[in-house]
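*Asks:* Residue numbers (this note's numbering), protein chains in the order written: chain D, 118 to 406; chain V, 118 to 406; chain A, 15 to 390; chain W, 15 to 390.
Just so you know, the hints here were simulated from the structure itself, not pulled from any lab data. Note that CB positions come from ideal geometry on N, CA and C, so glycine has one too. One or more hints might be untrue.
[As the list claims (entries may be wrong)] Cross-link-like lysine to aspartate or glutamate pairs, in silico, DMTMM-like; alpha carbons within 25 Å at most:
1. Lys-360(D) to Glu-328(W)
2. Lys-360(V) to Glu-142(A)
3. Lys-241(A) to Glu-142(A)
4. Lys-360(V) to Glu-332(A)
5. Lys-360(D) to Glu-135(W)
6. Lys-160(D) to Asp-245(A)
7. Lys-360(D) to Asp-254(W)
8. Lys-389(V) to Asp-245(A)
9. Lys-136(V) to Glu-142(A)
10. Lys-360(D) to Glu-361(W)
11. Lys-360(V) to Asp-218(A)
12. Lys-244(A) to Asp-125(V)
[Said to hold, decoys possible] Counterexamples of contact, computed for chain D against chain W with all Cβ distances above 10 Å:
13. Lys-160
14. Thr-181
15. Asp-208
16. Arg-220
17. Pro-242
18. His-280
19. Glu-355
20. Pro-357
21. Gly-363
22. Glu-384
23. Ala-403
Residues per chain, in single letters:
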Amino acid sequence: MSILVGPDTKLVVQGITGKEGTFHTLRNRAYGTDVVAGVTPGKAGQDVEGIPVFDTVAAAVRETGANTSMIFVPPRGAAEAILEAADAGIDLVVCITEGIPARDMAEVHAYLDGGRTVLVGPNCPGVISPGQANVGIIPGEICAPGRVGLVSRSGTLVYQIVHELSQLGIGQSTCVGMGGDPVHGIGFIESLTLFEQDPGTDLVVMVGEIGGDDEERAARHVSERVTKPVVGYIAGFEAPPGKRMGHAGAIVTGSRGTAAAKAEALESVGAKVGRTPTEVASLVQAALA
Amino acid sequence: MSILVGPDTKLVVQGITGKEGTFHTLRNRAYGTDVVAGVTPGKAGQDVEGIPVFDTVAAAVRETGANTSMIFVPPRGAAEAILEAADAGIDLVVCITEGIPARDMAEVHAYLDGGRTVLVGPNCPGVISPGQANVGIIPGEICAPGRVGLVSRSGTLVYQIVHELSQLGIGQSTCVGMGGDPVHGIGFIESLTLFEQDPGTDLVVMVGEIGGDDEERAARHVSERVTKPVVGYIAGFEAPPGKRMGHAGAIVTGSRGTAAAKAEALESVGAKVGRTPTEVASLVQAALA
Amino acid sequence: MGKDLFARHGVPVPRGIVAEDAAAASAATGDLGGTSVVKVQVQIGGRGKGGGVVLADSPADAARAAGRMFSEGFKDMPVTRVLVEERVPIAEEFYTALLLDRSTGGYLAMMTAEGGVDIEELARTRPEALRRVPVDPLLGLRTYHVRELTGVLPPRAREGAADVVRKLFHLLREEDATLVEVNPLVLLEDGRVIALDSKVTIDDNALWRHPDLDELRAAFPIDPVEKRAKDQGLQYVKLDGDVGIIGNGAGLVMSTLDVVAQAGARAANFLDVGGGASADQMATSLEVVLSDPAVKAVLINIFGGITRCDLVAEGILEALGRVGAEVPIVVRLDGTNAEEGRRILTEANHGRIVSAATMLEAARRAAELVGGGEAA
Amino acid sequence: MGKDLFARHGVPVPRGIVAEDAAAASAATGDLGGTSVVKVQVQIGGRGKGGGVVLADSPADAARAAGRMFSEGFKDMPVTRVLVEERVPIAEEFYTALLLDRSTGGYLAMMTAEGGVDIEELARTRPEALRRVPVDPLLGLRTYHVRELTGVLPPRAREGAADVVRKLFHLLREEDATLVEVNPLVLLEDGRVIALDSKVTIDDNALWRHPDLDELRAAFPIDPVEKRAKDQGLQYVKLDGDVGIIGNGAGLVMSTLDVVAQAGARAANFLDVGGGASADQMATSLEVVLSDPAVKAVLINIFGGITRCDLVAEGILEALGRVGAEVPIVVRLDGTNAEEGRRILTEANHGRIVSAATMLEAARRAAELVGGGEAA
């Protein structure tokens, strides 16, 4: 079992004919994902190695029954692409694009709120359910099927921690890269809720970083609603206040959003927090033993 | 029992210091409704016969715990007043105001969609749960407590049909005047769903009129989801196509929205449809016998 | 009114010149390149079918067509102006409409590549040929909506159609229209896409935002009786029966029409006197209804809710004192203070007033009075 | 930058004149009525506390204050311009801020009647004194939001504050700001409400929509090394340790900083080389990091996902060929083609390169090399 993506995923790729779009589409298909369509305005009727291209997501949904979208559209058009997918009735939108203006994302967030479309990202590596489906740019090779769920704000820390887990022989049910932007779709709480309900997940690793209060709110959620063990990791103990550390969202503002506060919030609700990615894997191993 | 309004209703009146606002507020309070606050910008600190007035709905909610709002604000500001109530966390907004531009209501509709605030109206007579609470302008005197639910697009037909029912000794659980505007809040389907769940309601009377396809969609809902008996009435058999009959929403467009089609849709799913208000009351009496 | 709004929002339409006599129509046709389409300028539908639109192959042709329109009128209405429009070389005809969709509470944009068809019929029989795109009122029309709509057209028409649709949506929102329909939307041989004929419906509730539209509208004649009612805030619609109807509340008045019909007579009008039903409003209502020579009896149907029936009764008497009446007036008062109201009418003993206890009884009395049967 | 944007959006601020010498400051003070506030023009905080803001009671006073600023500089930075602002008669001081609230994904507007306080402190200790109003991005700022906000102020300040808030919201949206803060917002004795000091943060992701803002920003000096990194699309932040850090991905780099600290050393910088990690990017990254004289060792931490470690290894070698290095460079390659990458580095046998198999090992080696302990 898994969350978000799996054997029922029927993927349409928005921006399929771009270099990155084509590359990762084919990679995802090679992994076993059911890629049914692509969308590039003005290129309807063409195909990308057999994958039919449409002018609109609505047309792709009509013709192929796509239920999941992956977005590789450049930042100026990416927010619009998310709206298009939602209006076309797509259930899950995974937006890889980095650099979307926060104002555009705020509008997207307001529009999706209360609706049926779930957004992952933007500025995220995507979602993989090892052995089932890969929607995004997480390298399938480092993952292994198993029963640990993982959700992370950072992309490379997904890789690093999955790598450490796989090396210890611990597989994953689903790995969710939620992205590092201030305004994003699915977060820790929604992911934890899905993992809690997923019979294929025994433990959840959540990987946070400085900035915002996602981790603090997730900790409250863990204490109130999560029965499965949670292992945490927070990056950015050494980050100085007021400096953006790569991700637009990774910034300590005044006394808020520090790594120490986040780690403490998680520990206070009984989650184990590793101080290095290596320690995270050891904690998972111990919790599962 | 009842739906929408009842003993838990704590009412704030937006536009309380206007002539109509004051009149109906006091009437509603005299009926037994728990009127806790009023709102008129610039009149915070005043009171209307002991009811405290605030500048904003948010302040009224903070200070009094109001959960329901009734709006008597003029049409130019009424849509904004609905948004204000929703942002203040009000559960139920009853908008009496007539003449709100449809564009404004379309924006309100889009904003409320998927949120927690339920809207009744605009251009409606409100909601009464006889013997419990009255929020709006339906005269309490013509109603009697009982077990028949009523929902109507027309205000005066609420009065007429309630009157006919009460004369036969048939009381009402709740009467909902949903209003005659093209874009409105709660409709037949939502009302039927609430009545279906209400243990205090045995039968539902739905009063429709020409225009739109609310009644046709309600008929489908009745056939799929409603187990309680439904008695219908449709006004406007004599209305010529293309002419607006009073309500902005009451207009036959092309071959759509005729009274005959609506009555037929209801009858086809097993609802009894009276040809006069008097016959409606007789059908209710027969169904309850 | 559609064409004026289209011009204001930059929607491309054929060039057109208004002519008030045959010579002007001829000159206009010359200006437009020697051929034209001459259209009567009246605010009623069915212009194309009733000889109100004539193709002119020469200025002389146009003069003849216009001359005939001016002398013969159109469907019993006098014609004082004709529109002389350029003849555009049409390659293909399409259809588009943007409207406020009451079933969703949002906007709906529609387009089909099939021009000149009955759109309701098309939606029923071949829905796949009609592209329907819902547009959220808060998001507005987005590029993907336009792409989805125009995708149903041949490729060479898409860009032009997209431009038209964007302008139509702007018009829809900015002018508080509830419907903007272009039928046909045409692709010209030179590749341009223009609106050949159109219909725009403005939301009455929003006219205060558009005083200019009120003026535009005022330029078209409406029935003087309807105008008078409208000026008084009364909802009046002329019908073709002989029982004048006055009631309070749109639903109740519609219901009264129906019940009168079931009693075997036909209503002469719909008139909603509104909530207050003061003596003034009642007087105007009676004046309006009685000014229709077809009216042989009047039915006043009031359900007193907030309205008190005793005040209504006094209003009716005062109104009759001012207005006078040649025909019988059936009055049904029910609800708040109904007995008191009925007593007032009884005591006044007015020769024209016939009291009725219920709506059904009132309808039957009215039907009898105009000589209708007892069908119900 | 805040004041320029405020002026552009009509937010009332004190009149101000930029002066580049003491005489100009004196003249400006004369123009402003004989008194002024003289402020150094540098883009760092804490101006008020460090003597960077001086009240002048006369033109001569202003000349003295400006003269001292020009000659002494401010916090080790040269001062070339001062702002001479009118002295406004302040009746009361408030605070307002509008921002993009990441915890809701929408806007948040805040206001309090208490000026000059620490807003975080106030929110913690007396939340009821801080009015917080969420604003939906699709609805925008509505009159009731403004009414709710300004309700926290004394009545005579409300209208003026409402005007300021509306303009600030317009600025927030139109300029793609993520924060607009006015502290203090002041009520003047004449009843006007103006923004006395302000802070505006613009969303980097939206700068393409605002080429003018890029120019405004370019007018303020930033660290030349940071500028170079930025021009190359690299995320570089200078820190105060001695281990230079290069990694791919913001999270991994932050994590590397932490792990180095646990190993007993301190990072000299944050540098995210991004996804590709081509030879070019690696060369620029190395140049940027090595240009910091504090750096005694470099740690390159690459997790190959999409990035192939063999290509990264080649990139590092090529970069070192171009850049040269005086300090040891610890390289950790993991993930896709890591073994191949390590083999390439081993075979190259570069004198400065120290290979490490894991992130933890790499951090410990780097710490040893700069003489740090083994704390982890």
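*Asks:* Evaluate each hint against the coordinates.
*Replies:* Hint-by-hint comparison with the structure:
1. Lys-360(D) to Glu-328(W): violated, 32 Å
2. Lys-360(V) to Glu-142(A): The hint is violated at about 30 Å.
3. Lys-241(A) to Glu-142(A): violated, 43 Å
4. Lys-360(V) to Glu-332(A): Measuring from Cα to Cα gives roughly 31 Å; hence the hint is violated.
5. Lys-360(D) to Glu-135(W): Given that 25 Å is the threshold and the Cα spacing comes to 21 Å, the pair holds.
6. Lys-160(D) to Asp-245(A): The given pair, whose Cα atoms are some 56 Å apart, is violated under the 25 Å limit.
7. Lys-360(D) to Asp-254(W): holds, 13 Å
8. Lys-389(V) to Asp-245(A): The hint is violated at about 41 Å.
9. Lys-136(V) to Glu-142(A): With Cα atoms ~53 Å apart, Lys-136(V) and Glu-142(A) exceed 25 Å; violated.
10. Lys-360(D) to Glu-361(W): Judged against 25 Å, a Cα distance of about 39 Å means the pair is violated.
11. Lys-360(V) to Asp-218(A): holds, 13 Å
12. Lys-244(A) to Asp-125(V): Answer violated: Lys-244(A) to Asp-125(V) is near 43 Å, above 25 Å.
13. Lys-160: Since the minimum Cβ distance to chain W is about 24 Å, Lys-160(D) lies beyond 10 Å and the statement holds.
14. Thr-181: holds, 27 Å
15. Asp-208: holds, 20 Å
16. Arg-220: violated, 5 Å
17. Pro-242: violated, 8 Å
18. His-280: violated, 6 Å
19. Glu-355: violated, 4 Å
20. Pro-357: At about 7 Å from chain W, Pro-357(D) fails to clear the 10 Å cut-off, so the statement is violated.
21. Gly-363: violated, 3 Å
22. Glu-384: holds, 16 Å
23. Ala-403: holds, 18 Å
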